Amino acid sequence: MQVAALAITMSLPITANMIVSEISDKLQSRAKKTPLIFGAKGDRFDLAINSLFFRGAPSSQISMLEYKRVKNENRGSIVPIILGFTAKEYPVVGTTTEYFLERNLASKSGTLPLVLGDVTLGYLCAKKLNLKEGDHILTDQVNLYNLSANNPVKLNITGILKESKSADDETLFVNLQTSWLLSGIGHGHVKIDDKTSSESILSKNKSSITANASLENYIEVTDKNINSFHFHKEQESLPISSLLAFPRNIKDETILKGNYINNKTIQSIRPREIVNELLEFVFKIKRFLNTSFILTGIAALLFLLALILLSIQTRKREIKTLFLIGCDRKTLALLFIGELVILSSMALLVSIITAYALKGLAIGLIV
Amino acid sequence: MFPRQMENERQILQIEDLKFWYPGKGFQLEISNLKINRGSKVAILGKSGSGKTTLAHLISGILKPKSGSIRFMGQDITDLNDAERRAYRIKRIGFIFQEFELIEYLNVLDNLILPYKLNQSLSLNEETINRAKTIAGRIEIENKLDKYPNQLSGGERQRLATARALITSPALVIADEPTGNLDTQTANKVLNEIINQSSESRSTLLMITHDPRLLESFDQVIDLNKLTNPITL
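Those protein sequences? They're chains A and B, same order as listed.
Under this note's numbering, think of the first position of the first sequence as 1, with each following residue one higher.
Under this note's numbering, think of the first position of the second sequence as 1001, with each following residue one higher.
By construction, these hints were calculated from the structure, which means they are not laboratory data.
Don't take every hint at face value.
What the hints assert, rightly or not - With a cut-off of at most 30 Å between alpha-carbon atoms, the simulated DSS-like pairs for lysine-lysine come out as follows: (1) K1035(B) to K320(A); (2) K316(A) to K1035(B); (3) K1035(B) to K330(A); (4) K128(A) to K359(A); (5) K1066(B) to K320(A); (6) K257(A) to K33(A); (7) K1064(B) to K316(A); (8) K1226(B) to K330(A); (9) K68(A) to K32(A); (10) K1144(B) to K320(A); (11) K316(A) to K1066(B); (12) K284(A) to K1117(B); (13) K330(A) to K1189(B).
Please read all numbers here as calculations on a predicted model, not as lab measurements.
Isolated chain A, as found in the complex:
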């Protein structure tokens, strides 16, 4: 009980410091590896965190046209990403093969998502969902109560990524076309022509045939129906959530960022600056917590002192016996100190184990 009480007292500051340190490391490491992010004007914190960790999607989007403009500046690798979809609650991210090159992500098995309807799973996704290459996964319904929303799509798992110990491990990757399919911009259905059953025709004139709601939309891309999939938008107006930019050098980075400072639709941000701003706030909280932990520490020490005094009081007879048997005061003191050291060490060990367990839980919830 003494060990448990001490362990709980000690585990709190250890956990808090470990969590702050872990969050700070994770945020900074990912941010440092992503020199620039482009996205629609709006909350820059949202843009940074969503683009780095795939939690949610920015409220506004940019288009393929803007992606091409940035790319045509030819100042490094520009990687588009499309966010906002999930499968089994894991984020489904649409991107190009350049993403995997820039993040040093390699396949553990199978291929990257090259074809419409393909999905490559992050290492932990595959492990936790117990899925492998050749299996299928259904995307989550965007809005369960919106009947007009696009249907879930059955994706073909074509590969599993190697472990990267980053947010990529818990992400499903598809290509851009598949993301647009998920967003409802693209779809596939049976061909409508003069041979189509009249039950599926809403209206018909010389130039066009309009199908009614009974026309079956495909929810799975197969070799047979892949050619029936199409997008109802111009290529350049297709949406992109954000662009990750990996300029060749500092000069390119500076120029690239500078070119979009006054842009009316796009903002360019340096994730490491945003993360540092965020961490400033976190560190302020940490400083406050540290102050309170010093007080907790003093309380713990007083508790320990009370424990020692109580122990001496309750073990008076034992101490007297040991003394009469011939134990000197130094040995007696060493016995008590030794006991205290063992007790404290056990409490420290338990508190570290508790802290690690709590950290694991908290980090999973926060980052």
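Using the hints, position chain B against chain A.
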């Protein structure tokens, strides 16, 4: 050999003109002359607060008298410093307590050899362990060496406590009311066990008691109630 020298060698303890008091407590113990023979069984009788335990602590060197001398095997222990008195206590005195005072978190063997574990001046070696095991056999707890005191019966606990006091082969065993809360039959049994073990070790037994029913078994009785002014027993 002169008669006085012979007498000195026969005596293990000689107290002369001893005075002791606790400051501010209005209590004074005075003994002008007290002699205890080697190998004898001595009872210190007295009411509560009469100074029985104080006398035991003075003899064992825990307390130092204000005046007078306590000669143990010819040596005045009042001349010794703290460390020397501790060494004297370790090597010469064995203690048996009223509630046995076994260390509950140590097993039987560790309780038995505890004086060796606590004192670097006593060497704990294989011979000691073997001797402890022999003693455990003699007091019929040899198959319980790895058990803990709370797993022993009352009799086994008492025998273990007595054996612990005698493990260092002390010249004097001080038993502080070991029969304190026992009925006559059990008290006699406990007393016999202590006397037997002390006799086997050829130790002198000094037993503090307030129970006059047990006095038959002793060679000498020191009644502290009658020590109004310095008296010689």
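Checked hints:
1. Our distance criterion of 30 Å between C-alpha atoms is met by K1035(B) and K320(A), whose separation comes to about 28 Å.
2. A hinted pair counts as satisfied when its Cα atoms are at most 30 Å apart, and K316(A) with K1035(B) does not qualify at roughly 33 Å.
3. Note on K1035(B) and K330(A): the hinted pairing is violated, with a Cα-Cα distance of about 35 Å set against a maximum of 30 Å.
4. The hinted pair formed by K128(A) and K359(A) meets the criterion: a straight-line CA distance of about 19 Å does not exceed 30 Å.
5. For the given pair, K1066(B) sits about 23 Å from K320(A) by alpha-carbon distance, which is consistent with the 30 Å threshold.
6. With a CA separation close to 16 Å, the supplied pair K257(A) and K33(A) stays within the 30 Å bound.
7. For the suggested pair K1064(B) and K316(A), the alpha carbons sit about 22 Å apart, so the restraint of at most 30 Å is met.
8. Only pairs whose Cα atoms come within 30 Å are accepted, and K1226(B) paired with K330(A) is rejected, the gap being roughly 40 Å.
9. Under the criterion of a C-alpha separation no larger than 30 Å, the hint pairing K68(A) with K32(A) is consistent with the structure, at around 24 Å.
10. A distance of roughly 26 Å separates the Cα atoms of K1144(B) and K320(A); the hinted pair therefore holds under the 30 Å criterion.
11. A distance of roughly 26 Å separates the Cα atoms of K316(A) and K1066(B); the hinted pair therefore holds under the 30 Å criterion.
12. Between the alpha carbons of K284(A) and K1117(B) the distance comes to roughly 54 Å, so the proposed pair goes past 30 Å and is violated.
13. For the hint pairing K330(A) with K1189(B), the CA-to-CA distance comes to about 38 Å; that exceeds 30 Å, so the pair is violated.
Of the numbered hints stated above, those contradicted by the structure are hints 2, 3, 8, 12 and 13, listed in ascending order.
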